[in-house]
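The listed protein sequences correspond, in order, to chains G and Z.
Under the working numbering, the residue at position 189 of the first sequence is numbered 189, and the numbers go up by one with no gaps.
Under the working numbering, the residue at position 214 of the second sequence is numbered 214, and the numbers go up by one with no gaps.
In case anyone wonders, no lab produced these hints; they're calculated from the structure.
The hints are all genuine.
Footprint (simulated), chain G over chain Z, 3 or more residues, beta carbon under 8 angstroms:
| no. | segment |
| --- | --- |
| 1 | 312 to 326 |
| 2 | 329 to 335 |
| 3 | 341 to 354 |
Reference listing, derived: stretches of chain G covered by chain Z, where coverage requires no fewer than 3 residues with Cβ under 8 angstroms from a Cβ of chain Z:
| no. | segment |
| --- | --- |
| 4 | 33 to 46 |
| 5 | 53 to 66 |
| 6 | 99 to 106 |
| 7 | 261 to 269 |
Yeah, the Cβ is synthetic: ideal placement off N, Cα and C, and Gly gets one too.
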Amino acid sequence: MNIPSNITTLLVGIVLTLVSLWYGQNHGLLPVAASEEAPLVDGLFNMMMTISTGLFLIVQGTLIVSAIRFRRRKDDNTDGPPVHGNVPLEILWTAIPAVIVLVLAVYSFEVYNSMGGLDPMAHSVAHMKSDKHFAKMPGAAIAATLTDTENINQQASDEAMQDPATAAVRNKEIPQRRDASDIGVTSGRIGSSPDKQGTPPELVVNVTGLQFAWLFTYPDTGITTGELHVPAGRQVLLNITANDVLHAFWVPEFRLKQDAIPGRQNELVFTPNRLGTYTVNCAELCGAYHGAMKTQVVVETPEEFDSWVKEQQEVASKEALDQAVAVNSADRSASEFLATYAEEMGINSTMLEQLHTSGDREAHH
Amino acid sequence: MTQVQLQENANVPAHGMEPAQRNWREYFGFSTDHKVIGIQYLVTTFIFYLIGGVLATAVRTELATPESDFVSPEVYNSLFTVHATIMIFLWIVPAGTGGFGNFLIPLLIGAKDMAFPRLNAVAFWMIPPAGLLLLASFLVGAPGAGWTSYPPLSIISGKAGEAIWIFSVLTLGTSSILAGLNFLVTIWKMRIPGMGFNQMPLFCWAMLATSALTLIATPVLAGALILLAFDLLVGTSFFNPTGGGDPIVYQHLFWFYSHPAVYIMILPVFGMISEILPVHSRKPIFGYKAIAYSSIAISFLGLIVWAHHMFTSGTPAWLRMFFMITTMIIAVPTGIKVFSWLATIWGGKLRLNSAMLFAMGFVSMFVIGGLSGVMVAAVPFDIHVHDTYFVVAHLHYVLFGGSVFGLYSAMYHWFPKMTGRMMNEAWGKVHFALTLIGFNLCFLPMHKLGMEGMPRRVAQYDPKFAAINLIVSIGAYILAVSTLPFLVNAIWSWMYGPEAGDNPWQGLTLEWMTTSPPPVENFESDPVLATGPYDYGYGDRRTQVEVPLSDAKDPVLSAGPSSVLRADPDPAVAAHPDDRQGESKNR
Chain G
1 MNIPSNITTL LVGIVLTLVS LWYGQNHGLL PVAASEEAPL VDGLFNMMMT
51 ISTGLFLIVQ GTLIVSAIRF RRRKDDNTDG PPVHGNVPLE ILWTAIPAVI
101 VLVLAVYSFE VYNSMGGLDP MAHSVAHMKS DKHFAKMPGA AIAATLTDTE
151 NINQQASDEA MQDPATAAVR NKEIPQRRDA SDIGVTSGRI GSSPDKQGTP
201 PELVVNVTGL QFAWLFTYPD TGITTGELHV PAGRQVLLNI TANDVLHAFW
251 VPEFRLKQDA IPGRQNELVF TPNRLGTYTV NCAELCGAYH GAMKTQVVVE
301 TPEEFDSWVK EQQEVASKEA LDQAVAVNSA DRSASEFLAT YAEEMGINST
351 MLEQLHTSGD REAHH
Chain Z
1 MTQVQLQENA NVPAHGMEPA QRNWREYFGF STDHKVIGIQ YLVTTFIFYL
51 IGGVLATAVR TELATPESDF VSPEVYNSLF TVHATIMIFL WIVPAGTGGF
101 GNFLIPLLIG AKDMAFPRLN AVAFWMIPPA GLLLLASFLV GAPGAGWTSY
151 PPLSIISGKA GEAIWIFSVL TLGTSSILAG LNFLVTIWKM RIPGMGFNQM
201 PLFCWAMLAT SALTLIATPV LAGALILLAF DLLVGTSFFN PTGGGDPIVY
251 QHLFWFYSHP AVYIMILPVF GMISEILPVH SRKPIFGYKA IAYSSIAISF
301 LGLIVWAHHM FTSGTPAWLR MFFMITTMII AVPTGIKVFS WLATIWGGKL
351 RLNSAMLFAM GFVSMFVIGG LSGVMVAAVP FDIHVHDTYF VVAHLHYVLF
401 GGSVFGLYSA MYHWFPKMTG RMMNEAWGKV HFALTLIGFN LCFLPMHKLG
451 MEGMPRRVAQ YDPKFAAINL IVSIGAYILA VSTLPFLVNA IWSWMYGPEA
501 GDNPWQGLTL EWMTTSPPPV ENFESDPVLA TGPYDYGYGD RRTQVEVPLS
551 DAKDPVLSAG PSSVLRADPD PAVAAHPDDR QGESKNR
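Generate the whole structure from the sequences, applying the supplied hints.
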């Protein structure tokens, strides 16, 4: 068998390429893109889709053509030609996937890098301390523990614990955060568009996943809420953790996902750029009502966002005033806190019951 | 132990009855005959496949509507957890390795039995109790933390079900380690004289790679599960963050086994397909060495890709890049195999029977799984689709479109050898058509579901996904129904099917050179290699046996590309044509 090179093959190749190129751009499989990072991912996917379509058509085409053209005719009991191999052909189709893989790896790396995946300044930016990123270098954490004079992990942990908005909730609800030896470990993060790398995020939100809800706290303003509000066009840093089991923060329109892990803090940076309301899913199995663990992220104009912040602060101060008389707000557990949000998030009574029992179980720990 | 001693000892004490006298009772006993054990594996695992299928149908019934209305969310989680556990640990792994591996390996290499026949029986008899134990967990609240059983969820949700899951999977893991060891020694030491590694049928190469992978990776899973059991039952904190443990460590240990497990599931099937395609295409396998060595390459690479399951878990940024590249590289040896299969088919004289249709269906469907596999290897895209229905679609294209299609193909192909009877072709084609339609209807739309935003493992979902989910569920029902023609066909043919003869497909590998079903010690006399396993198309002949032996000495042929696959026939044996490769005598 020779490497086919006649005119038919050429024509088939051209048609195949055109079809692949067209379908790679027009598959309609992705939802709208609502962050600056999303088009990068979409571009990568479109390229992979183009290549995949081509390979798919080659394989299926070969199979179908063979099934028709080379099927055994009646009374033909002869064998096919004894072809054992063809070194140039074998080298060719080892080289083709190798090159494709190489190109995809380089492209993926570029996209990942553009999203801030390998931004060496990411961690210093996150904590606004220039020496912080050393904590992420291999061995640095251990060295810090050994010298014990400047345990960077511990500092990060302490800062997290001091966080005014979340401290109350976290200290009460996350026993492991007090006990875990590696409190405040921050894992690699992604999501920082190239033009904004090296600049501090314009908005920081602490995200806590708990069975079966998301809790968002804004450390700068002290707001705690059950749905995420972000201004369009500003870079947002999410500090994500969980207080019971694994969860995963996922907004399909942002093309970003990050697990929420108890005892750890993960970061996600993104810049929303399309106004609208999108669903925040939990993507990591977290128990019976995992499918109902949803909330909304509202991307609004900076003005709308500012007025929302003001509104929330007013509500909060009013509530605090009420509670000063009625209940001590520090005594409110997360589940009680969430009851107010339950209705708007569509959580039913069974779920709430479950929430309370899980809360009780933790209280008994 | 030397090769000769192993061969001598292989059947001491001797097995039970001759196949002619065998009755169904022997298949329920503690036989040490590899053929009986192989069939025991296949029947047992197929029953578990049907049970797993019932669970899958229940899952799809729940998902036919957006609300959680068919079963409670807790039961739903148990359904998909047990479904996945059964399909992986009680169907694909034991059917591919234990079932076909046991039946075929000694026959393919001309051995009398496996190297350790009693160990072989022990390995099989761990499976039924482990499977029943897993199913019994439904009585006390089945495990509901997914087949991955990630802590902390697995530690805080129902203890009894989770403990049962751990012990069941541990037992199944032990069984597969024992089987893997047995295969490795058998292939290494018990090949007939004259069969070097490069004269082995490709299924043996595949099993060699699989067994090595099993032996390296499975103990790590066992370690992870034992530590998890301590966390669950004793209250230690290896993985429990409440006591300072790290749930991510479990994920590393779990995936160190469970990603290679994908290759443990697919490599034997690669081997089977490499056996089946040449026979029914009437052409030699294209690129023997490329296929053989790519199995070894996949086996090795399979060990260094596990963290691609953890791209969103908070692994360090540079680590993600390393695992992205290793994962993508696996596409190269896999691509070599796919292209070699296509070249094998191309220009042949295809017999489009059920075995061949399923084999071609395998290539066709597996490619879709492979292509989406490269997609999810790319970190930025994986971050979007991880833990969504895109991944569910991808893994089913690999494990159903790949492994299960391949297993069906192998069942049709070797059924005559196993039972001495032919299966009904018409029903086989109905089975294939229903499976292909149901499968694609069920799993193709899932790609879109995942990318649009539907997470996996949810009992209720956004109503905007309702229409696609309904299509998927209908596909699942067709897929469920598609097993019925096969089931009826297999049972009926086993009892009443037409006699198959020794070599109904005119195959050249050694298993076709003995009676169907083979006698207790496989071959009446020691088999001799006169041709390579895939030397189709030399001269105008239908089977190897009709060729004058001098053919092998033909200068044209011996100079041909097949010459490396040919062993020089023993002149003493050549003098007695009756002793050659069995068939003419048995006719």
